[in-house]
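Peer 1: Chain residues, written in single-letter form:
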Amino acid sequence: MSEYRIHLLVCGGTGCLSQSSHAVAESLIHEIKQQGLSDIAQVVSTGCFGLCEHGPVVKIIPDNTYYTHVKAEDAVEIVEEHVVKGRKVQRLLFKDPKTDKIITEPGELEAYKKQIRIALRNCGVVNPENIDEYIVRRGYEALGKVLAEMDPHQTIDIIKKSGLRGRGGGGFSTGLKWELTAINEADRKYVVCNADEGDPGAFMDRSILEGDPHSVIEAMAICGYCTGAGEGLVYIRAEYPLAIERLKTAIKQARNYGLLGKNIFGSDFSFDIDLRYGAGAFVCGEETALIHSMEGKRGEPTMKPPFPSVAGYLGKPTTVNNVETFANVPPIILNGHEWFSSIGTEKSKGTKVFALAGKVNNVGLIEVPMGITLREVIFEIGGGIKGGKKFKAVQTGGPSGGCLTEKHLDIPIDYDNLIAAGSMMGSGGMIVMDEDDCMVDMAKFFLEFTVDESCGKCAPCRIGNKRLFELLEKITKGNGVPEDIDRLVNLGNVIKDTSLCGLGQSSPNPVISMIRNFPDEYKAHVTDKKCPSGVCKALMVYEIIPENCVGCTACARACPVGAITGERKEVHTIDTSLCIKCGACMDRCKFNAVIVK
Amino acid sequence: MEKVKLTIDQKAVEVPKGTTILKAARTVGIEIPTLCYMHLEDLNIEHKPGGCRVCVVEVQGRKNLAPSCATEVSEGMIVNTHSIRVLNARKTVLELILSDHPKDCLICPKSGNCELQDLAIKMGIREIPYQDIAEMSTYRTDFSPAIIRDMNKCIMCRRCETMCNEFQTVGALSAINRGFMSVVAPAFEMDLEDSVCTYCGQCVAVCPTGALTEVDHTNRLIRDLANPAKTVIVQTAPAVRAALGEMFDLEPGTLVTGKMVAALRRLGFKYVFDTDFAADLTILEEGSELLDRLTRHLNGDKSVKLPILTSCCPGWVNFFESQFTDLLDIPSTARSPQQMFGSIAKTYFADKIDVKREDLIVVSIMPCLAKKYECTRDEFKVNGNPDVDYSISTRELGNLIKQANIDFHSLPDEEFDLPLGESTGAGVIFGATGGVIEAAVRTAYELFTKKTLDSVDFNELRGMDGIREATIDFAGTPINIGIAHGLGRARKLLEDIRNGKSHYHAIEIMACPGGCIGGGGQPLHHGNFEILKKRMEAIYREDQNKPIRKSHENPYIIKLYEEFLGKPLSDKSHKLLHTHYVDKRKKIIYI
Amino acid sequence: MSGIKVELKKKDADTIKEICASFDNKQDDLINVLHKVQQSFGYLPAEIQEVVANELNIPLAQVYGVVTFYSFFTMVPKGRHPISICTGTACYVRGAENVLSEFKKELKIEVGQTTADGRFSISCLRCVGACGLAPVVMVGDKTYGRVSPEMVKDIIKEYEDQ
Amino acid sequence: MTKIKNMADLKKLKEQLQSDIKTEGKNVRPESLVHVKIAMATCSIASGSRETMNYLVDELEKRNIDAVVTQTGCMGYCYAEPTVEVTLPGKEPVVYGYVDHHKADEIIEKYIKNGILLEGIIPVNYRKIDD
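Residue numbers (our numbering), protein chains in the order written: chain Y, 1 to 597; chain S, 1 to 591; chain H, 1 to 162; chain L, 1 to 131.
If we strip away everything but chain Y, and leave its shape as in the complex, we get (with noise of 0.2 Å):
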């Protein structure tokens, strides 16, 4: 073994790296050759902390002392004193923003956190095809507390009280519609899980299954105690092998323990669970869509009334809840409602998982508090934008939500104020975009999928969105109007208000807001027929710089389609008229002598 005994860990994350933390770690390096202890301490650089806003950080293990803002002259300070004389440096010491309480204790520090994970809680911490790393933390006890102590009534009561609300995207009260199934007698009843989790660029549900299976098994299971159901189905995409294999797993292991099925803690609730697979259709999402899929129909939806709590699977009260919702009830059970609600908005309780994606430095499952900001996400989260490119807008909600820009990043995030703000929670999904973006191709982009995934029930949705498509490319060619963009916004108004599900309902949401805070991107294509992000092709035109062609013959080689002359070691040309805008020339060129108008 080596004789370190003490390590200093300096945040290298984008946030800390942009304060200059690399020179931290440069000057702690020197200091502790200086003092001659390179054999006892190392200092090594790290990931980011999650506390970019008093970075740049230094932890010091084994003793866990974090230090704050920390600048490169600190060093010496940091090695004599906490080096080598174990004694903290109080001033460097993390501070309460608002209290200017110093924080010595590492534990109270966790606080300060941006993520707080709760339905995340197990994973990639137990092994989720092992049942009893579950049962090591604090696994399937709330089941057993909920049998044992609690009646029905006063667990929905629990769940009601706690305020969580639905994660796939609607945000109704989960008790609330618990409550809904139990009040209606039937024969069976039905506990729905959906993790069709259709929204592309979201994957939360799928890391859950994959990472905690149990917990949603454990919850589906207090769920049908409370409901008065026996029986409960997941449904879940084909395209998830690896999710539906251990869950598989999981849903046997908890039978040989007796958590599913017969007369489950020795009381007389029995309940035990099925798979159903979904087949690629995003629209299934919706309830009413997925009863109708998992009964082997096409996935459309049914106008409501009446609720699946009223008729649902095979005509039998139903309540369906996503991965996400469920993960969240083991824990509010076990630590009560009143800690559950005091995590988050007024009016949005708890945590929200979400799928950074797109142009961020660090891609990832996070779970935060309701009521953070998009800022804090996407900079110090997700470390800022890739290549330190200028952010420009988050696509929130998946092809059902809407895009945010600059003005919204100081929002607090939580349903409410998303869809204030034209936007949705959704399923979580977070596309993050920057300069490089059109946002007229990402409106197409968007409505493609919709046109792709609508079920053709009704005719908003089936002929609207594809002639909202269309609309579209007609301006990304180069073809549109002034009129067109009034026209897509008042079709798209229209399809919101008129169509059948969801899905038609929020369609639009992605062309309608980027109209609105992208207007002279979207004047751009339609009067200059520019794109000034460069991504529409048929807007493009390539060009050549004279003073910057030496006549090398390169670009003439490289084009397809001979729409390049010019004799060697003189200028050359490009016809536009010719130009299929691949871009060949201009990567082949060495010498900058083409350019994109």
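Keep in mind the hints are simulated off the structure, nothing from the lab. Heads up, a few of these hints could be off.
[Claimed, not checked] Taking lysine-lysine and the PhoX-like style, the derived pairs with C-alpha atoms no more than 25 Å apart in a straight line are:
1. H/K36 <-> Y/K297
2. L/K3 <-> Y/K252
3. Y/K407 <-> Y/K386
4. Y/K248 <-> L/K5
5. Y/K95 <-> L/K3
6. S/K352 <-> S/K501
7. L/K103 <-> Y/K262
8. H/K142 <-> L/K103
9. L/K12 <-> Y/K145
[To be verified] Beyond 10 Å from chain H on every Cβ pair, some chain L residues (computed):
10. K5
11. L60
12. G90
13. E109
14. K110
Cβ coordinates follow ideal geometry from the N, Cα and C atoms, glycine included.
Chains S, H and L: place on chain Y using the hints.
Peer 2: Leaving out everything else, chains S, H and L in the frame of chain Y:
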């Protein structure tokens, strides 16, 4: 019944709980436009998929517009059916539907009778929307012997799907594909001819546009009538006379038998005959078959198959040939009246007038689309020449009369030609559900009991209930009779038979609601079943007015047996008037 | 498509029947049955759907309606190495479109087609949930992350001898 | 397998499990072992975590290091897959990202054998609810 109070367009409305906004509005005279919605009250079908979104209204406090056809009223609801927001939405949605619909209204068979066209007129559509960008969803046109599917004109109202699956339980049609390319079609978009379609035509009867129409033989008929080398004769089914008047704006239920005969003569038919004659003939054959099986059964013959099922409805025949292939030996082998007529016309009658079979064209006027298919069946051809050359629907006849500039209203009442135009009241009632079995009972009773009926009216067999049953006392022998109209109801009776639970001796089945009067070739009733009921009354009125009301008393039928056939179920009868059934189910061939 | 010839080996028909029976021929298990059958046969041609319809007692048109509704089901056989390009949002903003066109160019087929030698087919799918690796390409069960157009040739090469 | 018939059974099982980490066949005291956890979610596997896991299992065995290697779900650091968490006896767990064979080798040689931390540690950047 709990009542709910609400306001629609400032009018106070009070309706029972559970009423939809659409119906509540109608109670105060507010007509909200609809397109996909269809309510066939007597069939217990309320088709409200909420698909077209034309009937949207504004409900105060609701985020989006509500489809009035599928939204139930609630206490204190405030509804606005014609705000600017509603009108704009409605018009935009209609424009969207039109943007994916062919613009060939001028030559569309449904022109003038198209619900989409009506709506476009009502909404004042004056330009073709989205033409600069709109791609259309296009599909192959499918020509079957009876029905043409031009799905380019489909607006996905899904009414046909409901009729085919829920009411008829045929299952030939289903919504297929997804999104923009979704459409209603048979499996694999195969031709209807290869599918389990029975050609009942109920899909055509409810289609709001020109997507589903009948195969139109009008032009073929005009050509034949103009051909001096051909002798063209016609037979008219009983249900036609009770509905044809509607094509000329006469009250539903107006009997136009005489005017119809006059019109057909003016169109140039050499002889105008009556399918009712053949209906009487059917009763003698089918009735004798019933009596034969019944007598043998009563004598303890265990090999006898009962109940016997009627076989005059070609949609029904197609149905059991593809869905109940294990029961092919149960139905009567008697051909339908249309085919009996053709068979007799091209033998007995052709001989009488000394015209060669090939030169005699037998046309039928039918309330039915399956009849168009029936006359193409190989069983009903002699050396490739069909007994009935082709069949045209009541609608086609109406249009032809208009086209020929015949003033229908001023026509005199004329009589059918003899001998194949003479019929009894029993032949007439074939046109309504229960009529065939009533006609059969009138004859079978007298033949079985050797007694004369006091009254020929068996009211217990009449009506509009989907499945009816009655026990008729055949002088001490109770005969159990079942009746079903609509194939879904027929399926129930058949499943009972299959499971050995049926207690009937005879069952009458008609594929269409109300029997032939509600056939797929009749003037469109647009879901108004009062019209069907009036047609039915007309049929029984005609029966009432007939001097002879029992088939076996038809003098020309008696003569036909004396001169030509011998007796019912004779060898000649078997050859000319009976048929056999085939297993139409696609066989899975293993290799 | 008139006069469909339905030809299926008895052994194959039996396999389908067994699958249906394993779900007790329950109609609401249609989608589960179709998944299993597609797993066994690779695709769902007309004759297979016919057997399923018969076994579950569902009208054939409805079975076809379900097969054509869900993008996971296919009626044409895929290549031995089906290439799926994720065109979910995360992959799209990270350049999936260029990767896709490179595959199309290299294999000279369009999305939904199979190469003449039956080796490759291209399809697009919506999010495999590996957004962290965008853009993502799957060949059979193997996932390739952070794919750039330049990598396309090498990926194809891996399978060329198979 | 024993059935859990009441809360007492569950508590008993939990206590037993806490003192005894069950690994394939061997019941050992966790404190004396190196514990390596590998994130094995779809995206991890797509990034090669299975290969990493196999490599670690083989190499630890070959190099005679008494270690338990287990799999777990998504740790959330998708950008740094494959991710591996190493817990040395008596020490805080440390998470490493981008663990290919080379990095795995380094982890064994430097960290597991010698306690030298490697560059690019991924700190736990979230609050846990049960700590």
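Peer 1: Starting from the hint list further up, note which numbers the structure goes against and sort them upward.
Peer 2: 5, 6 and 7
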